[in-house]
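Starting from the structure of chain A, add chain B where the hints point.
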Amino acid sequence: MKLSRKAKRNMAGYTFILPNLIGVILFTFIPIVYSLIISFTNWDFTKGFGNWNWVGFKNFVDIWSDKWFVDSLKNTIVFAVVVVVFTLIIALVLAVVIDRFCYAKTPIRLALFMPYISNVVAVAIVWVMMYSSWGPFTQMVKKLGVDNPPQWLGDYKWSLPSVIIMTIWGGIGYAVMIYTSAIQGLPRDVYEAAEVDGAGEIRKFFALTVPFLSPTTFFLVVTTLISSFQVFAPIQLMTRGGPGSSSSVLVYYIYQSAFSFYKMGYASAMSWILFILLFIVTMIQWKQQKKWVSY
Amino acid sequence: MKRKLLAMIMAAVMCATMLTGCGQGDDAQKQASVTEDNNGKKSEGTVTLRFWGGVPQESGPQDVVDHFNEAFKDKGIQVEYERYVNDDQGNLKLETSLLAGNDIDVYISYGAYKMLKRAGGGMALDLSEFMEKDGFDYEGMFGSSVTSEYLDGKPYSIATVLTKGTLLLNKDMFDAAGIPIPTEWTFEEFRDVCKKLTHGEGQDKVYGMFWNTQQNVTEYWLYLAKQTLGGDLYYKEGGLETDFDNDVIKKTAELIYNTMNVDGTAPTHVDSVTEKLTQEGMFLSGRSAMTVGNWTIRSVKNTEEYPHDFVTAYAPYPVIEKGERNYTYGGLGDEISINPKSEHIDAAWEFVKWYATEGVTYMAGGGRIGLCNTLDKDILAAAFSEGAEKLIDMDSAKPLIFPVENEKLTLSTITTELPMLEKILAEETEAYLTGAKDLDAAFADAKRRGDDALASAQ
Chain A
0 MKLSRKAKRN MAGYTFILPN LIGVILFTFI PIVYSLIISF TNWDFTKGFG
50 NWNWVGFKNF VDIWSDKWFV DSLKNTIVFA VVVVVFTLII ALVLAVVIDR
100 FCYAKTPIRL ALFMPYISNV VAVAIVWVMM YSSWGPFTQM VKKLGVDNPP
150 QWLGDYKWSL PSVIIMTIWG GIGYAVMIYT SAIQGLPRDV YEAAEVDGAG
200 EIRKFFALTV PFLSPTTFFL VVTTLISSFQ VFAPIQLMTR GGPGSSSSVL
250 VYYIYQSAFS FYKMGYASAM SWILFILLFI VTMIQWKQQK KWVSY
Chain B
0 MKRKLLAMIM AAVMCATMLT GCGQGDDAQK QASVTEDNNG KKSEGTVTLR
50 FWGGVPQESG PQDVVDHFNE AFKDKGIQVE YERYVNDDQG NLKLETSLLA
100 GNDIDVYISY GAYKMLKRAG GGMALDLSEF MEKDGFDYEG MFGSSVTSEY
150 LDGKPYSIAT VLTKGTLLLN KDMFDAAGIP IPTEWTFEEF RDVCKKLTHG
200 EGQDKVYGMF WNTQQNVTEY WLYLAKQTLG GDLYYKEGGL ETDFDNDVIK
250 KTAELIYNTM NVDGTAPTHV DSVTEKLTQE GMFLSGRSAM TVGNWTIRSV
300 KNTEEYPHDF VTAYAPYPVI EKGERNYTYG GLGDEISINP KSEHIDAAWE
350 FVKWYATEGV TYMAGGGRIG LCNTLDKDIL AAAFSEGAEK LIDMDSAKPL
400 IFPVENEKLT LSTITTELPM LEKILAEETE AYLTGAKDLD AAFADAKRRG
450 DDALASAQ
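Protein chains in written order, with numbering that gives the first Met the number 0: chain A, 0 to 294; chain B, 0 to 457.
Hints are all accurate, no fakes.
Pairs of lysine to any residue, SDA-like flavour, derived with a Cα cap of 20 Å: (1) Lys275(B) x Ser245(A); (2) Lys66(A) x Ala454(B); (3) Lys275(B) x Ser132(A); (4) Lys57(A) x Phe39(A); (5) Lys153(B) x Asp133(B); (6) Lys73(A) x Val250(A); (7) Lys290(A) x Ser213(A); (8) Lys250(B) x Glu188(B); (9) Lys66(A) x Lys436(B); (10) Lys156(A) x Gly434(B); (11) Lys275(B) x Trp133(A); (12) Lys46(A) x Ser96(B); (13) Lys46(A) x Lys153(B); (14) Lys156(A) x Ala435(B); (15) Lys352(B) x Asp133(B); (16) Lys156(A) x Asp270(B); (17) Lys66(A) x Ala435(B); (18) Lys250(B) x Glu320(B); (19) Lys46(A) x Leu417(B); (20) Lys340(B) x Phe129(B); (21) Lys141(A) x Gln202(B); (22) Lys275(B) x Ala121(A); (23) Lys141(A) x Asp270(B); (24) Lys46(A) x Tyr149(B); (25) Lys66(A) x Ala430(B).
Since the hints were derived computationally from the structure, they do not count as laboratory data.
For reference, chain A alone in the conformation it holds in the complex:
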């Protein structure tokens, strides 16, 4: 044993993380590399490993003239942007309101948090019933005097917004939770000083709370955006991308190309485009944060 002390220490460390490392390499890293390789082929997985034709960048080029891909990409971007913006705004306002003006704060926060920890399948099925022609949404709109209420999940214009509404409702609780814990750590003396200077609630909200919470907002924007780009379950459960391709999103279409059309190479190419897209968006956010996030 001629190993130096440091090498031995490192060895011990690596041994500890080895079980996990093997798992990650086997089940995450190798598949990732593999998906990159097959994105340049027209692999049909029923033909077995290595049985493929190289097609170069064909998959990456063809994608852009595929109506389903383009529609899904558009829908994904709309979905992500709307979900992030509305979830955060509503959550921030709610968090402040609950913190400042509410009795029984814990039960309210718990109620808001419930959808986040509920099974997405159960939640989606309940929402499907709520959106049906006999459900509360349609009846409410009818009561408001609209003769031709939207058909929600069966409507070309409303299917994506319907899923978005449900997703925002489901995500608010988590954002409120994060905001609440950040709000509780805010310095009280600054607020007292502002009050002495005669600042009202609204002024305090925009001049103090919003900037103080910008690191939290930044964290929530990054995580919510990434998870919105990867939305799959509600689409699969509620609309299956329809009607037409009006609510199809990228991950759903990737799944379809791979497991309905058996186009593994094409689907892998799309996953890599999704990855690059997410990577660029996140990079831009990191660069931009200097301009609006104050720690």
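Then chain B, alone, in the frame of chain A:
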């Protein structure tokens, strides 16, 4: 230093247990099956085949396995059934298991398209040698249409059942309205019957027909068109161009549209989707007098879950005009194949042979009608309605569900880009049925997009 050494050893042990964890399970399983065999009557050389299928255990396969195990216990072959769910994920699971090794000996595919894909991928054994050796007259016993499922002129499976499509009718409603059970009808006559059977308003409305479009927006109504055009109705002659602008297809789509949106005699597509209607919820609860597809028969027999007391009768799908019935809607199904990686190929062949010519009888109770012509139709009929004799009108069922000599089935022989074409047609049909596009525009678009997809596949 000692503590560090201990830590390293611990970690190494953890690793080792983790790595061997997977392997051990297999060994343990194998050992268990060996001891089981030893407890059995025939201790040495008993082979246990693993048989995968998509039908729930209790809807036939358990009967099949029990009968086989009883009949073959002295010949040293036993079978265990494992169910996979016949959807995208289930089929993927089946295929990865087939690719990965010899966990499966015998399996059933549902439809020629999937079976041929597997045969092409080396997941099914060429059965021609076995058939020759045993003098198994496949085409003679199962009908010449089985050749449509050959790959390069060779059988890689045995098609075990014949699936014929019919409408299911609520006979009590027909009787009450004084309408005889139809044995042949046109679109016009069908529309009239739908109107006569529709009554009521709101959530109590009883519809004449339920098309089940929320489950699949193209497949079910295309059954009607296939009776005139045959199984390859997606493609024009040669398969290089789609046939979505065909008048028969358009007229059939128009019939669906009319019943849904003009006559109000069937739930609209949007209602079917947004209310997640089901055939059980509509037909078996008496909310529709007819429904498409006779597979619902297994729910008809399940009176525990779907209590009802009306009699279900059978009727053929209507055709546009008299004399346009060129084909019997139906196809071969439940293709049984052997995994080439199986270690017990001879035993597997014994089971496959038995299943196709005898075992499939026990599937009739679940609504699957054996294709082999040596099967006794009376026994099949009895098994088919067993336990629900008062709920199924066998007089109307018999002529429609059993194989008929020399009938032309709607077999599908061209499958170029089929899943994509299905999706395209589904989108355009949806646009038409919801009123987003008119008939001509929707099907012209379907043809243009379909042709593009076919062109890019060349």
